[in-house]
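Asks: From first to last, the protein sequence lines are chains A and Y. Counting from 1 along the first sequence, just add 638 to a position and that's the residue number in the working numbering. Counting from 1 along the second sequence, just add 1220 to a position and that's the residue number in the working numbering.
Wrong hints could be hidden among the right ones.
[Said to hold, decoys possible] Okay, the calculated bits of chain A under chain Y, using three or more residues with CB under 8 Å as the criterion:
1. 655-664
2. 671-680
3. 693-707
4. 742-751
The hints are simulated quantities; they were obtained by calculation from the structure and are not laboratory data. By construction, the Cβ of each residue, glycine as well, lies at the ideal position given by its N, Cα and C atoms.
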Amino acid sequence: GAGVSQSPSNKVTEKGKDVELRCDPISGHTALYWYRQRLGQGLEFLIYFQGNSAPDKSGLPSDRFSAERTGESVSTLTIQRTQQEDSAVYLCASSFPSGTTDTQYFGPGTRLTVL
Amino acid sequence: GENVEQHPSTLSVQEGDSAVIKCTYSDSASNYFPWYKQELGKRPQLIIDIRSNVGEKKDQRIAVTLNKTAKHFSLHITETQPEDSAVYFCAAISGGGADGLTFGKGTHLIIQP
Chain A
639 GAGVSQSPSN KVTEKGKDVE LRCDPISGHT ALYWYRQRLG QGLEFLIYFQ GNSAPDKSGL
699 PSDRFSAERT GESVSTLTIQ RTQQEDSAVY LCASSFPSGT TDTQYFGPGT RLTVL
Chain Y
1221 GENVEQHPST LSVQEGDSAV IKCTYSDSAS NYFPWYKQEL GKRPQLIIDI RSNVGEKKDQ
1281 RIAVTLNKTA KHFSLHITET QPEDSAVYFC AAISGGGADG LTFGKGTHLI IQP
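Just chain A, with the same shape it has in the complex (with noise of 0.2 Å):
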């Protein structure tokens, strides 16, 4: 079946604007993830939705970024006055928990640019 797809693959932007990048799962896994990953770096977790519900919004990096899902699909990453530290890949994972620990599978990124 189809995998985790993310939009758009590449976004460039000026400092300052904001951006939303977008997740589609794949179907019926309920939890999903979203990391970053700087160049050459590993990838850092942001934030974690069981359902449309994220029990803990710590690891977003400050409070420019923010996260929604509806349901148990679609998921948006929005960064606010977006900063040149913001670039970066960002990478959408999803899961089906079975009361265990899932394997998550990664979808494409998206990789930002802020100029």
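Please build the complex by placing chain Y on the supplied structure of chain A, with the hints as guidance.
Replies: Relative to chain A, chain Y alone:
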């Protein structure tokens, strides 16, 4: 929170030789340890994973070992091939997953022909 250390950062081996990448973790509650392979510009792809109730798992040329007492786990690739060249990330997660995966910084594996 969890902290994952990964070594080496770069590993160069001759084609056909074995490669070993090692990771340590800090949170004794972590119970799931996946390994991802990421080719340049591509998404991370799961290659193997291990849960805390298992000491070793093998899938063809790839194996992972877990030592819960020492809190370390390793990836072993035998008979390396050029297509194994990539960045490999280890990760750890605890409980139901609400804290997300904590990743190591990655190992750039280079297979020399």
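Asks: Hint by hint, note whether the structure agrees.
Replies: Okay, the hints, checked on the actual structure:
no. : hint    : in the structure
1   : 655-664 : violated (count 0)
2   : 671-680 : holds (count 4)
3   : 693-707 : holds (count 3)
4   : 742-751 : holds (count 6)
Of the numbered hints listed earlier, the single one contradicted by the structure is hint 1.
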